[in-house]
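*Asks:* Just so you know, the protein sequences line up as chains A and B, in that order. The working numbering puts the first residue of the first sequence at 269, with every later residue one more than the last. The working numbering puts the first residue of the second sequence at 7, with every later residue one more than the last.
I should point out that these hints are in silico values taken from the structure, not numbers from a laboratory. For glycine and all other residues, C-beta sits at the position ideal for the given N, C-alpha and C. Mixed in with the good hints there might be a few duds.
Partial list, computed: chain A residues near chain B (C-beta under 8 Å) [stated by the list, open to error]:
1) Pro333
2) Arg341
3) Val556
Once the Cα atoms are required to be at most 27 Å apart in a straight line, the calculated DSS-like pairs of lysine-lysine come out as [said to hold, decoys possible]:
4) Lys708(A) / Lys575(A)
5) Lys347(A) / Lys33(B)
6) Lys33(B) / Lys672(A)
7) Lys37(B) / Lys347(A)
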Amino acid sequence: MAETAVDTAGTCARYQEDIPMLAVGALSPEETEALQKHLQSCAACRQVYENNRGVLELVRQESSPSVMLNSRRVLEAMKKRMAEESRSVYEPAPALTAKARIYWLAGLAGVAAAACIAIALLIAPDDGKHIPVIPGDPDRIAVGEAQPAGAAKPRPVFKGDRIKAEATGARVSYATGMDCRLRQDAELFCVSVSAVELADGVSAFYVPPGIEGFQVRGRESNTTASAQTGARFMLRVSGKNGEDIVQVAEGSVDVRGKAGAAVRVYAGSGTRVPAAGTPDAPEPIDVVAEFGWVGNQSSKNLACEFKASEYPTPGGIWTGTLALRNTGERALTVAGYHPLGSNYQLEIRKEGEKSSSFTKIAPRQLSKRSASGNAEPVMETSSEVTLEPGQSYELEVDLRTLVKEGGPYTVAAHYQVFSQPKASGAESKWGFALRSDAAKVFAPLPKPEHKAP
Amino acid sequence: MFDDAAERSLMKRIARGDSAAFEALFKTYEKAVGNFLYRMCYDTALAEDCLQETFMRLWKAAPNWRGESKVSTFIFQIAKNLALDAREKVFRERARGGRSSDGDDSKSGKELAEAVDPGEGPAHKLEGEELRQAVRRALESLPEEQRVVVHLAQSEGLTYREVSEILNLPVGTVKSRMAAAADALRRKLQRHVKD
Ligand SMILES: [Zn+2]
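Please build the complete structure, drawing on both the sequences and the hints.
*Replies:* Following this line, the structure appears as C-alpha cells:
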C-alpha cells in the first residue's frame, strides 16, 4: 500500500486499512461517511482509494453473472422438494401443557437401611408427541459448534472435522441439543450430525430427549456405543489393543465390541470392552465421581442445590439446606419411599486439603421446615411431593454432625438415584445424578457427640 | 443492508412451516446470495443448485435456529459452505477426468487458475470476454481464504463485520486478507483498468 505523505497521527494508516472495504461497499454507513470525509481532505489516502476503486470495480463488474440466475426456477424446485419431503418431520412440537409425572418407585421389599433403597424411576407416558427436528442433510452444515475451554467464541464444527481438546478440554454443542464434552487431550471426529468417532481420551455425551440413533465409535478400536434417547454417557478409548470403557449416568446405551451381541448398559453402571471380544457384563459405577468433570447435570429438569447458613455464634447451629428444584416448565410429581432424604450425600473438603470426603446422609440427620417454621424430623415413609415449576423441596441438615473440627470447608451436595439390580435379577434401569455448586462455609466446633464418618 | 428484525420474525414463521415467509426471505436474498454463489463457482447451473440447497437447508434448520447470529450471517454461512464444497467437488471430478457441470461458462474453478496467467506486462486494454476471463483468472489465482473474503465483502448488504462473523474470523484478519487480495488484484489487473 502506498505511503502517505502527510500522516501526522497515524490515522491515515487506519483509514487506508479500510479503503478496500470502502471500494467494495463493505463499510457501515458511519464508517463510510467518516472515510469519505477524510478522503476529501487527504490527497495521499485519496490516491490509495483511486488505485483500489478502479480495480475492485472492474472485479465486481466482470465477475458478475452474464445472465441472472433463474431464481424463479430455483424457487419452483424448492417448493416441489418441500412438498415431497415429509412435512411431519418439520412440524413444530405441540405446546407442552400436560403435567409430566415422574415416579420414583421404591423397591419396598427387603429395604433395610435407608442408604440402599432400591428405586426405579418411571416417566409417565408423555403428553403429546414431541417431534425432534434434525437438519435433513448435515453435509457441510455446521453440525454444531466447539468451544475450547477458555475460548471467547465457539467455532462451527462441520461434518468430518477433527476436534482435539488441549489441556483444558473442549465442548461441542450440536444444533440438535446434543452435547459433547472432551476431557483434556481427547480427540474426536464429527462423522455426521448423529455420529462421532473418538480417537483418543475420554469424551462424555448427552443425547437430549427426542434425538434417536446417536452413535459413538472408537476410531482405532471396535467399540460402538449406540445411545438411547435421553442418555448421558461417557466413552474412554485406549487405542488399538487396549480396553475401552463405556459408563452411563442416565438412560441407557447399547455397547458392541468386535464380536458378539450388544450389551445394554443402564444408568449407574459401566462396561469394559476388550480389544477383541464382547463387552463385559455391566457393573455399578460411582456416577458422581466418574462424571464429576462433566458437572453432573440431569435432563430431568431437576437441580440439586446446597446452601449453608452463615456462621452463627461460636458453637451455634450450623445448618445446610439441601434443595431439589424443579427447573422445568411443568410440574413434577415425585413419589416413592422416603423420596427426598436418603439419596443425598455431601462432598466435604476442608480448606487446605486435597481430597474430599463423601458422606451419606441418614434421615435422622435431616429435618424439614414446616409451614409454621419449625424443624420437624423427616419421616421415613412413602410420600409424594409435587414441585411446581421453580419450586424446590428443601431439607435441612445439621452440618456439625458431619465434620471433625471447626474451620473453613467447601461443601457440595450430591443427589443420586439409581435402581440397583433386584434380588430377582431384574436389570438396573433408571437413574440420574445431580451435584450442586460447591459452597464455601465456615464450620463451628463439631457437635460433641459426633463420631467420625 | 438487510433488516434483521424483520428477517428474524420471518425465521420464526419459517420454523413453523410458513412457506410464504420462506418465499419472502428467499426473495430478499436471491440476488445477493445468487451473485455470491456465482462468483464462487462461475457456473450458472451450479450456482442455482447451491442457491436452492442453501434455502432448503435454511428451511430444514429453521426450527433449530437459535438466532445467535443475524439472519444474513446464517444464510451466507450456509451458502459459503456449499460453494466451497461445490468447488471442491468440481476439482475432484476434474482430477478424475470427469466432466464439469453443464454451465453456461465452460471455464470454471481450477481451470481458470491453471490457465496461462499473462502476469504483469505493458498496459494493454482487454475487452469483453477477454477482460472477463482475465479478471476471473486473477480472482482464481488468489488463495481461497482471500477470494472468499473478496466475494463476501462485495456482496450486497454485507459489511466486513458480518464477513468476519460469517467466516468466524477476527475483523483484523478479514481486513488484512482483503488488503492482500486488493494488492494482488491491482498488480494483475491495474493495466486493464479504464482510466
Ligand atoms: Zn489520509
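*Asks:* It remains to establish, for every hint, whether it holds in the given structure.
*Replies:* Structure-based check of each hint:
Because the smallest distance between the Cβ of Pro333(A) and any Cβ of chain B comes to about 4 Å, under 8 Å, the interface hint for this residue holds. A least Cβ separation of about 7 Å between Arg341(A) and chain B falls short of the 8 Å threshold, and the interface hint therefore holds. A distance limit of 8 Å between C-beta atoms decides the matter here; for Val556(A) the minimum to chain B is near 31 Å, and the interface restraint is violated. Distance restraint check for Lys708(A) and Lys575(A): the Cα-Cα separation of roughly 9 Å lies within the 27 Å cut-off, and the hinted pair is therefore satisfied.
A distance of roughly 14 Å separates the Cα atoms of Lys347(A) and Lys33(B); the hinted pair therefore holds under the 27 Å criterion. With a C-alpha separation of about 72 Å, the suggested pair Lys33(B) and Lys672(A) falls outside the 27 Å cut-off, and the hint is violated. Of the supplied pair hints, the one linking Lys37(B) and Lys347(A) holds, its CA atoms being roughly 18 Å apart against a limit of 27 Å.
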